[in-house]
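J.: Starting from the known structure of chain A, fit chain B onto it as the hints suggest.
Taken in order, these protein sequences are the chains called A and B. For any residue, its number in the working numbering is found by taking its place in the first sequence, counting from 1, and adding 121. For any residue, its number in the working numbering is found by taking its place in the second sequence, counting from 1, and adding 17.
No wet-lab data here; the hints were simulated from the structure. Careful: at least some of the hints might be erroneous.
[What the hints assert, rightly or not] Heads up, simulated BS3-like pairs for lysine-lysine below, C-alpha to C-alpha not over 27 Å straight-line:
#	chain 1	residue 1	chain 2	residue 2
1	A	K142	A	K154
2	A	K297	A	K387
3	A	K387	B	K336
4	A	K154	B	K292
5	A	K387	B	K292
6	B	K292	A	K297
7	A	K154	A	K133
None of the values given here were measured: they were computed from a predicted structure.
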Amino acid sequence: MGENLLEVQDLKLYFKVKAGKVRAVDGVSFTIKPGEKLGVVGESGCGKSVTALSIMRLIPQPPGEYAGGSVLFEDQDLLDVPESAMRKIRGGQIGMIFQDPMTCLNPTMTVGKQIGEGLRIHLKLSGDQALKRAIALLEQVGIPDAATRVNSYPHQFSGGMRQRVMIAIALACNPKLLIADEPTTALDVTVQAQILELINGVCSEFGTAVMLITHDLGVVAGMTDRVVVMYAGKVVETAPTGELFANPRHPYTLGLLASVPRLDEKRHSELRTIEGAPPDLLSPPPGCPFMPRCAFARAICRTMPPLELVAGNSSHLKACWVNVTDPNEQAYADRRRKARLEATQVAISTSADVTLQQTS
Amino acid sequence: MAETLVGSKTLLDIRDLKMYFPLTRGIVLQRVIGYVRAVDGISFTIEQGQTLGLVGESGSGKTTIGRTIVRLYKPTEGQIIFDNQDLAQMGGEHLREIRRRVQMVFQDPFASLNPRFTIGSLIAEPMHIYNIGSSSEIREKTSELLSVVGLRPEYINRYPHEFSGGQRQRIAVARALSINPEFIVLDEPVSALDVSVRAQVLNLLQRLQNQFNLTYLFVSHDLSVVRHVADRIAVMYLGRIVELADRDELYAAPKHPYTQALLSSIPIPDPQIEKRRHRIILSGDLPSSINIPSGCRFHTRCPMAQQICREVDPIFERKEGREHYAACHFSEEVRPV
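So here's chain A without its partners, still in its complex pose (with noise of 0.2 Å):
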């Protein structure tokens, strides 16, 4: 128990709209050690944003409503403790880096002061100590020329820069937790690379434990100790990195490395693809939420399958009832592509060749 820095057990958060309840995050565990770099995988509508939210406690209520579960850091449950004891976590021991540096950022503030407020707060500095702090931490994210962009307005700064001042902003207390979700989605690649190897450097320095949320399957690949691959509200597989990535054992993981072209492979005419798209959370079907998509899928995946420990391996669980790697699932699971695959073919040809006679 003690060794985790965060347990987040059978977390449940669902909102409440209109037409029903949305389980946007529907029974999700994963723990973080400290000093660990977790990974938190899925695509928009997975959960993955709202698991963080929900965590700092951050999903305003109603709409939102936990319906169960826990999430212990540091063996309290954030869920039970007070507004007031919530609000010197955040910032204090849990700091966190949003996707869009421009709408996270105060306007009207300079920037020092946006860096110092959770100095004054937290640590009870003074404005002189606030402000030479934040000269210093901007000195570490590497904003060049500090003691005077310190007096900057958030408008003064490129994308890129903002997103520094996010990082120093959400590292400013040392926080034991640095929850990053999308750091780098509205970034370009070059400066994404920067911030990336900025987030590495400083939370290895300090020993801060990272959940990183992403898409992006490379930005996990060069990252992080471990994996949390999400799909509709729930985790469906994690294991290390190095073997999630070796040995994937989920047809959803399989599909999502398979569907991104890479640059050190060679091009294929083809890419692989998952059809279909995510189900509606509102009325999520029965069972695997991924057996309207997966190819694997048979009687069985009308019930949902657990997490569990994946055969002879004591750190990698999967939720799926096949057994991926075995030659006959993989022949059926290739037959039922195939048979999508010439369906769509079919329309797209007939089509052309009445175009193609027309115009000729």
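T.: Frame of chain A; chain B shown alone:
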């Protein structure tokens, strides 16, 4: 994609294209105080049936090129020669006729479809504008287009909000296809989509190209996506093309340090490779296109910059006698990543 045919025809020829946007001050008496040089002297050609990938960071001018080609903007200077006719200064009925052959798919499928139209009328609108067929023929063609892009024809009376991002982008593709264009500008068609859906749309675009013999200009910021779809690739930086080469050539032997840095900063989904990789991390940000740096535009961020780079603008020229163009004084020293 399509193999290069011997003697294939050049469909689009861009010559020294410039697109400047004036910056003004004053409300009543507006005076021009400067220009945003979004596209600053660009030339390239696209052969029929091929795909040119246009890559660059945000603010490099790649979208402006796409929009100028379909003449949403009137270029400041230069020529856009489409099938031997210059579009650059064309207007009126001539332009209308050409636009029938040149279509565009936009980046954000949430903004490019009118929410008050059913998808049937969205797809049919270009056909009505160009008076193609009777109402019943148009309706028939619309449902056929829906099945071509992988949507059910029954969806014809639904509204855009009832569809997901990937489905909406399919609708936008169907609309572009409705008047049988020869050339389509694809402006970041998959960057708003999730990875699993992105692959579906990319495959669709490729199948359509093969079947309908389409020519694409594929604008994207993602080098790994462009590598998948393009035959030739142009890399843009601050309003100029800095490198242009065949796809495999560009990735195997980049001749410009910017291309090299771009390639090295793309994360690869494999932890083993990621650990071993040597990254070239560029410092700083893209300079403003109002105050373009002197000499080589890239010298402020270039790890190889020398004195000459600050003073002399390098010529965009053929390197090593092949169809590989680059604008760099030290292109022989750029190493593959």
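J.: Each of the hints needs a verdict: does it hold here or not?
T.: Quick rundown of the hints versus the structure:
With a C-alpha separation of about 33 Å, the suggested pairing of K142(A) with K154(A) is violated against the 27 Å cut-off. Under the criterion of a C-alpha separation no larger than 27 Å, the hint pairing K297(A) with K387(A) is inconsistent with the structure, at around 42 Å. This hinted pair checks out: K387(A) and K336(B) have alpha carbons roughly 25 Å apart, not beyond 27 Å. Taking the CA atoms of K154(A) and K292(B), the gap is about 22 Å. The hint holds against a cut of 27 Å.
Between K387(A) and K292(B), the direct Cα distance comes to roughly 20 Å. Compliance with the 27 Å bound is thereby established for this hinted pair. Simply put, K292(B) and K297(A) have alpha-carbon atoms about 25 Å apart, close enough for the 27 Å limit, and the pair holds. Only pairs whose Cα atoms come within 27 Å are accepted, and K154(A) paired with K133(A) is accepted, the gap being roughly 22 Å.
Violation of the numbered hints given earlier is confined to hints 1, 2; the remaining hints are satisfied by the structure.
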